[in-house]
Amino acid sequence: MAAIRNSLSPWHFAGLMARPSKACDRLAGPAPEVHDVILRVVLPLSIVPPVLAYVGGATFGWRLGGGEPLYIPADGLVLISLAYFVALVTGFVSTALVASWMAGTYGARREFGAHLAFVALVGMPAIVASLAHLAPHAFVNMLLLIPALIWSLYLLYRCLPAALGTSPERGMLMASSLVAYVLVAFVSLLGITVVLWSGGIGPALGV
Amino acid sequence: MAAGERYHDRVAGWLTGFAVLWSLLGMTAGVYIAAELVWPTIDFGQEWLSYGRLRNLHTNAVIFGFGVSALMATAFYSVQRTCHAPLFAPGLAWFVAIAWQAGVLAGGVSLLAGWNGGKEYAELEWPFDIAIAVVWVCFAVVFFGTIARRRIQPIYVSNWFYGALIIVIAMLHIVNSLAIPVTWSKSYSLFAGAQDAVVQWWYGHNAVGFLLTGGFLGMLYYFLPKHADRPIWSYRLSIVAFWAFTYSYIWAGPHHLHYNAVPEWVQSLGMVMSLVLLAPSWATMVNGVMTVAGAWEKLRTDPALKFIVLSLAFYGLATFEGPMMSIKSVNVVSHFTDWTVGHVHSGALGWNALITFGTFYFLVPRLVGAELYSTRLANWHFWLALAGVMLYVLAMWGAGVSQGLLWLSLDEIGELSFSFKDIMASMAPYYALRLVAGVVFLSGAALMAINLWMTVQGRAVVRVAPPPVAEGAV
Amino acid sequence: MNAVDLHRRLERNSGWLIFGILFVSAIGGLVQVLPSVLDDSLATPAADAKPYGPVELTGRDIYIRESCGVCHSQQVRPLLAEVRRYGPFSKAGEFAFDRPFLWGSKRTGPDLHRIGGRYSDVWHRLHLLDPRAVVPDSIMPAYPWLGERAADAEGAIQAKMRALRRLGHPYTDAEIDAAPAALEGLTEVDALVAYLQGLGTPGGDAR
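Residue numbers (this note's numbering), protein chains in the order written: chain A, 51 to 257; chain B, 14 to 487; chain C, 303 to 509.
Since the hints were made in silico from the structure, they are not lab data.
Treat the hints with caution; some may be incorrect.
[Claimed, not checked] Simulated DEER-style distance windows between Cβ atoms:
no., chain 1, residue 1, chain 2, residue 2, range
1, C, L340, B, Q470, 52 to 62 Å
2, B, P480, A, A68, 54 to 64 Å
3, A, G79, B, R249, 38 to 48 Å
4, B, P480, C, L340, 50 to 60 Å
5, A, A64, B, V51, 31 to 41 Å
6, B, V51, C, L428, 18 to 28 Å
7, A, I251, C, A349, 34 to 44 Å
8, C, R434, B, L288, 35 to 45 Å
[What the hints assert, rightly or not] Facing chain B, according to a computed beta carbon distance under 8 Å, are these residues of chain A, among others:
no., residue
9, T155
10, F189
11, R220
12, L223
13, G241
14, L255
15, G256
[Said to hold, decoys possible] In silico SDA-like links for lysine to any residue, alpha-carbon gap of 25 Å or less:
no., chain 1, residue 1, chain 2, residue 2
16, B, K341, A, Y231
17, B, K239, B, G30
18, C, K408, B, E428
19, C, K408, B, D435
20, B, K311, A, M152
21, B, K341, A, P253
22, C, K408, B, Y444
Cβ coordinates follow ideal geometry from the N, Cα and C atoms, glycine included.
Next up, chain A with everything else stripped away, as it sits in the complex:
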C-alpha cells in the first residue's frame, strides 16, 4: 500500500476521489509533510475555481437570475477571483486546523499534514464541479455543486475513521462536528460578503 506522501498532486487526488476505498487506504499511511500538501495540493487546487470563474465571468458575464447577465469590470473580476482564492485556501487550512484541534477529543491522529490531506480529498469533488463556473449561471453551478457536495459528505463520513486513525463511531461524531464547522464557516462567508456589499464594496446596491 503506497502512502499518500509519495504521490501528492492534484491529479492523484482527483483520481482518489473516484475510488473512496483506495483513497481511505492511502490516507491511512504515514502523514505527508505540511508544506508538501500545501504547495503540491492545496494551492494548486485552490487556484482552479477562481481561474474558471474569471474566464467564465469575463467571457459570458454572470447570471444570478433574471434579465441581462451581470458583467463585472475586469479589475473587479480579478479582485473577486483573488478573494475567492484566499477564501478557498482559508477554508482548506482552517478546516484542517479545526480537525486537528478536535483530534484529541475524538482520539484521532494529530499530524497536521494528515488532516490537511484529508480535507483536500473531501474538498476535491467541489473543485472538480467548479468546472461549472465556465457557464456562469447561478443555477447551472448549483446543479453541479450539489451532487459534488453530497459526494464530499460521503467521502467525509466514509474516510475519516481510516484517514485520521480513529474508530468508526468516533469518526462519525468528528465528521458531524466538521459538518457543523463547515456550515458555520460558509454562512459566515455569506454574511461577510453581504456586509461588504451593503458597505459599498462590490455590486452597487441602493441601501
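Model the placement of chains B and C on the given structure of chain A, informed by the hints.
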C-alpha cells in the same frame, strides 16, 4: 411510595404517535405548497388547497402538532423519571393530550376554512386561542404538580427548560392573542400597527426561542445523557447557559423589524441582544457535543444517537446564522428573502426534527419493551434527512442571496437593474430544488413512521415502577 | 451566599424556580415591549390617515383570510433601491388603524404598501381572478371564488365597525348605519380591489 405505583407512560406513548402523524401531515402540506410555488395551478381553484390556507396548516401542524406533541410526550416521560414520581393528576394529563390533538385538528380545519387572525405563527382565531390557553394551564398543572411531589431533591436541568417552555409560552400567547371578538371566526387585535408589530415579534421570536429552542433543549438534556449513559458534561455550564438563555432570548424579537417603522432604539437593542444570544446557545451546544464525545462507543448499539449528534451540528448552524442575520447590514440584504426561510428550516428540520427523530427511535422501543424493528431503515432515514436538510438550506441560500442582491442592485445611472417580475421568475430552479429537498426529507420521515409502527405493533406500553426511595433521601 | 448556593436553592424549590423563570424572562418584555406599547407616537395616525371605510375594511379582512401577507409585505424600508421600486418609505403613523399589522416577513411577491393607484381596477380584478392572464410568469394562486361571493355575505360589517370603534377607530353612527348599503351588490373581489387601491395613499402619492 405506594405499593404497585407505576409511571404513566401510555399517555406519553400516544402523544408520540400523534407527533409522528402530525410530522407526516405537516411536512406533506409543506411539500405541497413548495410544489405550488413551482406549479401554481395545482390548487385547482379550490380554496382549501390554496397556498395561503395550506401554508398556515403547514406551520401550525409542524409547530403545534408535531413539535408540541413531541414536547408533551417527552416532558411527561422525563419528568416522572427525573422526579422518581408518577404524573400528578394522570387524568388531567390524558385530557391535555387529547384536547391538544383535537384543538390542533379543529384549528387546522379552521385554517383551511379561512379563519385567520392574521399574525404569523399565531393564526388561529380567538376560540382556539382560549382553548389553547386552557389546555396549556392544565399542562402546567400536571408538569409542576409532578415536580412538586418529586422524591429526589434537585430539580433536574431538563425540567427547567420544559418549565420555561410552559411559563414563557403562556405569557407570550396570552398577551399576543389579546383581541376583541366580532364573530366566531373574526376578531381584531387589541394592538394596532407598529405597536402590534413589536408585540407580535416579541411573541413570534420567542415562540421560536422557548418552544423550538428551549423546549427541545429540555428534550436534549434528558435524552442525550440517557443515550450516552453518562451525566451531562458540565452541570455548571448548563446552569449558566439556562439563565443567560432565558434572560436574553426575550429581547431579540425586534431583529424581525430592522428598517421597519419602529423606533431605532428598539431595533438596535434587538440586534445587540441577538448577538449576545450566541453565547448561551453555543455553550449548550458544546455541553451536548462533549457529552456525546465521551460516549462514542454507544453509537455502535444505538442507531438513534447519530440523529442527535447531527441535530447538534444544525443547532450550531442555526444559532450562529440567526444572530448573524440580525446584524443590520446583513439583514438589509437577507430580510424578506428566502434566506429567512432557509434559516428557519435549518433550525426546524436540522435541529427540531432530527433531535425528535433521534429521541423517538430511542423512546418508542423502550416504551413497549422491544427492539427497534429495523436499524437499517433508521440508517436510511438518517442519510435521507441529512441530504434533505442540506439541499433545502443550499437552495434557500442561493435563492435568498440572489433575491437580496438583485432587488437592491442599481445600474450605472442609479436606476434599478432588474424588475421584480424577472427576479421572481428566476427563482423557479431554486424552488424546484427545494421541492426535491422536501420530498427527500419527508420520505425519511415516512420510513420512520413505518419503522416505529412495526416496532409497537401488537405490543402494549410496559408498566414501569419508580425506583425505591433511597435511605435518607429527602 | 455565592451564585452556586443561590442556584442550589432554586433547584430545590419548584415555586422559586417558576418565579425565577417568570421574572428573568419578563425583564426584556418590560424594558423593550411595554414602552413601545405605551409610546403614543407609534399609535398616532398620520395627518391624512383615516379608518378604513366599510368596503376597504371588508377587503382587508379578505386579504387576511387568504393570507396574502405570507407572500406580500406592506413595509417599504428607507433604502434607496426600495424607495425607487415601491415609493416613499413606510411610517408608523400610516398603520394606526391596522389591526393586526400586515407588514409581513417575506416577499415572494412584491411589496404592496404603495400599490394603491398603480394599476387600474380592471387589471387588479383580472389579476386576482387569474394572475397568469396578465403576468405570464406569475406564481401567485388564482382566486376565482372571490368573484362569485357577495362581499358581506356574513352581514358582519356593522359588528366589525362597532368592535373597532371600541378600540378607538372614530366611526360615526351614521357611517355604521350606512355600511351595509355601501357593500350592497359588491363581490369579494370588488372589496379587495378597493382595499388595494387605497393602500399607501396616506403616506404620500406613489403614482
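Hints, one by one, checked against the model:
1. Roughly 58 Å separates the CB atoms of L340(C) and Q470(B), a value that falls within the hinted 52 to 62 Å.
2. Hint check: P480(B) to A68(A), Cβ distance near 56 Å, so the stated range 54 to 64 Å holds.
3. Our hint of 38 to 48 Å for G79(A) and R249(B) holds, since their Cβ atoms are close to 43 Å apart.
4. For P480(B) and L340(C), the Cβ-Cβ distance of about 52 Å falls inside the hinted range of 50 to 60 Å, so the restraint holds.
5. For A64(A) paired with V51(B), a C-beta distance near 35 Å keeps the hint of 31 to 41 Å intact.
6. Against the hinted window of 18 to 28 Å, the Cβ-Cβ separation of V51(B) and L428(C) comes to about 23 Å, which satisfies the hint.
7. Judged by the Cβ atoms, the range 34 to 44 Å given for I251(A) and A349(C) holds: they are separated by roughly 41 Å.
8. A hinted range of 35 to 45 Å for the beta carbons of R434(C) and L288(B) is consistent with their spacing of about 44 Å.
9. Annotation: T155(A) was flagged as interfacial toward chain B, and the flag holds, the nearest CB pair being 5 Å apart, inside 8 Å.
10. Below 8 Å, beta-carbon pairs count as interface contacts, and F189(A) has one with chain B at about 4 Å; its hint therefore holds.
11. A distance limit of 8 Å between C-beta atoms decides the matter here; for R220(A) the minimum to chain B is near 4 Å, and the interface restraint holds.
12. Given hint, L223(A) at the interface with chain B, holds; its Cβ is 6 Å from that chain's nearest Cβ, closer than 8 Å.
13. The beta carbon of G241(A) is positioned within 8 Å of a beta carbon in chain B (closest approach about 5 Å), and the interface hint is therefore held.
14. This hint holds: L255(A) has a C-beta 4 Å from the nearest C-beta of chain B, less than the 8 Å allowed.
15. With 8 Å as the threshold, the beta carbon of G256(A) comes within range of chain B, its nearest partner Cβ sitting at about 5 Å, so the hint holds.
16. For the given pair, K341(B) sits about 24 Å from Y231(A) by alpha-carbon distance, which is consistent with the 25 Å threshold.
17. Distance check on the hinted pair: K239(B) and G30(B) sit about 21 Å apart at the alpha-carbon level, within 25 Å; holds.
18. Using a Cα cut-off of 25 Å, the hinted pair K408(C) and E428(B) holds, with the two alpha carbons roughly 24 Å apart.
19. The hinted pair formed by K408(C) and D435(B) meets the criterion: a straight-line CA distance of about 17 Å does not exceed 25 Å.
20. The suggested pairing of K311(B) with M152(A) holds, with an alpha-carbon distance near 19 Å, which does not exceed 25 Å.
21. As the CA atoms of K341(B) and P253(A) are separated by approximately 18 Å, the hinted pair is consistent with the 25 Å bound.
22. For a cut-off of 25 Å, the pair hint linking K408(C) to Y444(B) stands: about 15 Å separates their Cα positions.
Violation of the numbered hints given earlier is absent; every hint is satisfied by the structure.
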